[in-house]
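Participant: The chain contents come next:
4 protein chains.
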Amino acid sequence: MNDIERNDLIDWFKTTRKHTEAICKPLMVEDYVLQPIAEVSPPKWHLGHTSWFFETFILLHFDPDYEAFNPQYNFVFNSYYESVGERVIRVNRGNLSRPTVEQVYDYRQHVDTAILRFLKETDVSAELKKLMILGINHEQQHQELLITDIKYILGNNPLFPVYNAEYVTNKQCSAGSSLVFQEGVYEIGYQGDEFCFDNERNRHKVYLNKFAISSELITNGEYLEFMQDGGYENFSYWHADGWEWVKKNQGKAPLYWHYHHGEWHRYDLDGFKVIEPDVPVCHISYYEAFAFASWKGTRLPTEEEWEVAAGQLNWGARWEWTESAYLPYPGFKKEKGAIGEYNGKFMVSQMVLRGASEATSTGHSRPTYRNFFYPDARWQFTGIRIIL
Amino acid sequence: MNDIERNDLIDWFKTTRKHTEAICKPLMVEDYVLQPIAEVSPPKWHLGHTSWFFETFILLHFDPDYEAFNPQYNFVFNSYYESVGERVIRVNRGNLSRPTVEQVYDYRQHVDTAILRFLKETDVSAELKKLMILGINHEQQHQELLITDIKYILGNNPLFPVYNAEYVTNKQCSAGSSLVFQEGVYEIGYQGDEFCFDNERNRHKVYLNKFAISSELITNGEYLEFMQDGGYENFSYWHADGWEWVKKNQGKAPLYWHYHHGEWHRYDLDGFKVIEPDVPVCHISYYEAFAFASWKGTRLPTEEEWEVAAGQLNWGARWEWTESAYLPYPGFKKEKGAIGEYNGKFMVSQMVLRGASEATSTGHSRPTYRNFFYPDARWQFTGIRIIL
Amino acid sequence: MNDIERNDLIDWFKTTRKHTEAICKPLMVEDYVLQPIAEVSPPKWHLGHTSWFFETFILLHFDPDYEAFNPQYNFVFNSYYESVGERVIRVNRGNLSRPTVEQVYDYRQHVDTAILRFLKETDVSAELKKLMILGINHEQQHQELLITDIKYILGNNPLFPVYNAEYVTNKQCSAGSSLVFQEGVYEIGYQGDEFCFDNERNRHKVYLNKFAISSELITNGEYLEFMQDGGYENFSYWHADGWEWVKKNQGKAPLYWHYHHGEWHRYDLDGFKVIEPDVPVCHISYYEAFAFASWKGTRLPTEEEWEVAAGQLNWGARWEWTESAYLPYPGFKKEKGAIGEYNGKFMVSQMVLRGASEATSTGHSRPTYRNFFYPDARWQFTGIRIIL
Amino acid sequence: MNDIERNDLIDWFKTTRKHTEAICKPLMVEDYVLQPIAEVSPPKWHLGHTSWFFETFILLHFDPDYEAFNPQYNFVFNSYYESVGERVIRVNRGNLSRPTVEQVYDYRQHVDTAILRFLKETDVSAELKKLMILGINHEQQHQELLITDIKYILGNNPLFPVYNAEYVTNKQCSAGSSLVFQEGVYEIGYQGDEFCFDNERNRHKVYLNKFAISSELITNGEYLEFMQDGGYENFSYWHADGWEWVKKNQGKAPLYWHYHHGEWHRYDLDGFKVIEPDVPVCHISYYEAFAFASWKGTRLPTEEEWEVAAGQLNWGARWEWTESAYLPYPGFKKEKGAIGEYNGKFMVSQMVLRGASEATSTGHSRPTYRNFFYPDARWQFTGIRIIL
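In order, the protein sequences belong to chains R, G, W and C.
All residue numbers for the first sequence refer to this note's numbering, where the first residue is 1 and numbers rise by one.
All residue numbers for the second sequence refer to this note's numbering, where the first residue is 1 and numbers rise by one.
All residue numbers for the third sequence refer to this note's numbering, where the first residue is 1 and numbers rise by one.
All residue numbers for the fourth sequence refer to this note's numbering, where the first residue is 1 and numbers rise by one.
To be clear, the hints were calculated from the coordinates, so they are not data collected in a lab.
Be careful, since some hints might not be right.
One copy or two, it doesn't matter: identical chains are merged, so the pair holds either way.
Using 20 Å as the maximum straight-line C-alpha spacing, the simulated EDC-like pairs for lysine to aspartate or glutamate come out as follows [claimed, not checked]:
#, residue 1, residue 2
1, K210, E187
2, K18, E341
3, K248, E86
4, K247, D376
5, K205, E183
6, K334, E233
7, K129, D11
8, K120, D376
9, K336, E233
10, K334, E82
11, K205, E187
12, K247, E341
13, K248, E82
14, K252, E82
Isolated chain R (complex conformation) (with noise of 0.2 Å):
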């Protein structure tokens, strides 16, 4: 590695270990110690977990002179890593008052600072650049991750308080249009020398039949009249399980939505407000997605089709439910160790979501990023785009 790509490597670690911080600023310190439901994680958790990372991977690994901030710490902010050691099960995450959050800061520093230093003065080598980008894009996922949990952590809240009264939502001002595809062997998966995550690999070929696509996002206009037309009541849109889950939530909304006052409002980022017809509906579980489609009378699109037209449709302001299931794709192979277990082993019984959200870190995705969740998950920014 010569000298500009290593300071490029830490310019894009600083910039990234930064922008996480910023997500943050907005908080108070009790914001950052609650976990309400189990998937959403408090806040300081990320903080120290992504630097646990950073610790565990790189440092513990690479640098012979490191030292540990905390050895309980490994305890503490590992997540799934089972062939790193015992951990905290996740749902005792919001369970622990301590560290403190000016505790998990100084972490965050202190493996700053090490890292910095390392990268100067090391000889970077491959395994060690193929980390530090690994851990840079583990962080970036992260930060989705905070400004989905912060979202909950705040709008679960009676209060509904503001997390940033100048946060932008993003608006669909022009109607969709329908892309058409013809019949024939495609090509998808990553290809190319930059960073991708193992799931989105080998680049492989696909059959697919004609389809068209519609190149925007379901609204909250267009998603307010399955509600009106009586969705949530009519089992015939929904999977049974979906429709078990709709009798059990009692489900008759998107999350954060109200009824309140003879309309419908949603709290967001920057509060309390009455539903936008044409801003691209969110935060809706798959099965909601999938009642949406059956009830237009057509269907989701499968990630290849997505992939295909990717280059042709508006995406990046959700993270789009598909029709697939979330599989290896030919010829993938898990690595080694606990790197391996980061993709391959969450390979059952979730959906695949393709896109981007507004709250994902820019140059994060790709139109190859495979992002996935169980089909009951509605705390990220998931939206609908339909098959036309």
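Since the structure of chain R is already known, use the hints to place chains G, W and C on it.
Facilitator: This is chains G, W and C only, laid out in the frame that chain R set:
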């Protein structure tokens, strides 16, 4: 429909209905009533439900003279057809001692007589024929479920009662050979004029990479090696969900296996006995099938690969877990009304199984047949085939 | 023991054992097997368990020649005697189709024959006599449980099958009168030479304030007034735990009551029928009894008050909830061994009920008898008497 | 009320309010927010709830000029007063990061200022005085809960943070002596003109048998003997519910005890340390207290025995489990309105504890004081005294 066709249909109906009762022949009245876990329905429920299917979708629909045997039976024997009225929820099927077994057999008799009279007297329309064939196939599916559920009811009893001392277990004598298929476009899905389920259509093209698949199923002996090599103690072979399942259920062997006097035994329909090494392993979850394949350094086939290879595989002893999630084929459309609830609404969070099992009714399966269960299901006759 | 005493004991044993079977006479085989809720045991379990009691504590203990009918039955029919080996956990009783009903009757027959032969041949010691009488009283307790459990099994079935069309429900015609007792020291607890349970001893002195108690039980009609006055909607009548219970179970009427065609009905052993206003209310929890009394501006009697007044009360139709928790009397000592597990270990978190019910076997109860259940239990024949 | 009385009341109020804040002094902001188990409320909730009590029952009730600090706080800080509007359900208290700790202190300040001004300006009626004293006693109860909850929040953290290195644990040096009381009529319950809770009245006569009670509490050393003698492995010492509790929770020591490097340690507010044999055992459930007494061949005292003996007992280090269920005294009447919800509605399924603990505020308890918890509660400072 001419008279020969009509007589064939009548014979098929009669044979099928009798076979269901033959399966129940060895049961005591008490065995008909239980539901030891939610997935296992009481045998008398299967007897009633299959009759209800013919009553509801044929007799009450086509025969204006038919009188329901007992209008309350719709409530008791409807399974999941939301569009056909309220129903006893699934987990409560085992809480009903009435109707008695004798009454359920009377109900069957009543429906059989009515169907036979009706088929003889009426002009069998295409729609009627289609529903009769669906009803027969539906009953065949419940024949296999009857066997799996009876096995659970008896095998879960600490007295290990014998169902049938003559019950013969499949043997697999030959060593597996490797079947190789070249990269390219293949066609899968049902094509023809015979019956198939809606989920087997449309026939469509798929692009497959080169693969090699074993001609034979994995045996008890091979699975025991996995167990003895610590397969259930090493998370690296498992999905994250699978590892949770292992820890929660203290999984360490297939269902019905018991370590007894220093040796692994298993319950089968002919009683409790020592494990036979050369019999295909049975009653494993998708999680276990996947972990076994990972331990072998390989993977399960996709359903497309399986179907392409089917002509050269030795199949029929076990339902074979594939690496494919249960999703619609291109062009799949749910039918209108209750019949449309048959398959489509289960297309989320389940995995496809291909082949057939020793418990599958003769003639029921075919190479395009798509069975599906949740990844933790073990009470079916499920087994493993691997990619080589 | 002289011959007259011996014959009396033999007669009592025979009569009791026959009465148990008479209770089961109207059942179908299917009814014997179910356990629709954890508290309800399958009738065949009661038949087996009462026989196991005589086999374990009499035959295997005193008769060196006795051979157990089936050694595995200890596992199946032991209830909660931790000191007598492992057992099927309570919630799994309804998951066993074997032994069959016929086998259980054979077991009873085997035990009866052995007991009768043994009693005729042996010198009946005081200890043996004591255990025989305990076994008979134990069987009488299970006779009432059989009736309550059969009622639940049938009454929980949407077909509402009749147990016995001749079954007569108690009527209460007279208006209640107020019985007044003066302040002072009273004695309660069993005194005498006949059988009593260990929890009825020691007889001891208690100091009571002046109180007035109703001679009669609360009727359906009176309870309906409470319901119609919003009793189930006003938390101020309820314990905090009771109010949680109401909300969680959407409580709005006693067990087995159904609002049907504009009128309250109830299931009883003679079938489904309109509520009779002058019959004592039945199948209510302690929470409901307490709330009713609060609504009336009064309270339930303590068990001490009840016992002091017993001679002047009209009792025997319902087990009457008292305001007393089930705790040991002064000087209470658990017996050694398995018999010591009979009563003492339940002395926490349960409430005392006094009296007897229409389902109690003749001669089984007495004024000092202490029945006990958790405050949410409703499937017993429980009712209300109030302090005036 | 004359000026001296008024000033005394004002001083008492100020001292009490300040003491609450002193308890929280060693906390970090993060510690104020957590609810690791349902029973433990976040410290900031206690701070807010005690202020809400004065605001709701004094200021909003008596002071026409008072303006609520924030009308939404009623929803957030109401605990269980059904009659004072909706509330955040108990298990969700730990899911609220807002109001912040600082805002809660502002709320306290607002209420304190308003109360002090109001008390100085108004003519203090008997009713107002009564509610002020109730509010002060209520706050003292929450002072003890603050200490128990803080201990749980810190002691549940794997880092075992110290609350206060100077925290002094009670020592018990003297050997216990046996205090004997003769059979006869005694009086118990509060008598006098000072404050008592409604559950301490009416003073009434009870008849007690002769008993002997230990003057001292059971120590860690004595409890360790019970553990080492297999107390947690022998069901015969336990209630059936207690034995279920042991098996379900794998109980083998008091709360906060850890076996570490071959020795039993415990967490206390001054940190993690080796068990001290002569300190009264703490943090045990009623089930454990009962099992210990059974193992000793004796029992716990009843609350009547305890109160009669109180003058000669060495008490105040631990809340002492009694063998008495929490039930109303003769003549007990719930007050009208929200204040009536204070005690009466908890009178089912809980056990009485007598005495006080090292965490009880000075002057808060008295010999007639009745504390109460469910039999499985361990996070309070609970201990054991036995009948000899």
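Participant: Hint by hint, work out which the structure violates, then give me just those numbers in ascending order.
Facilitator: 2, 8
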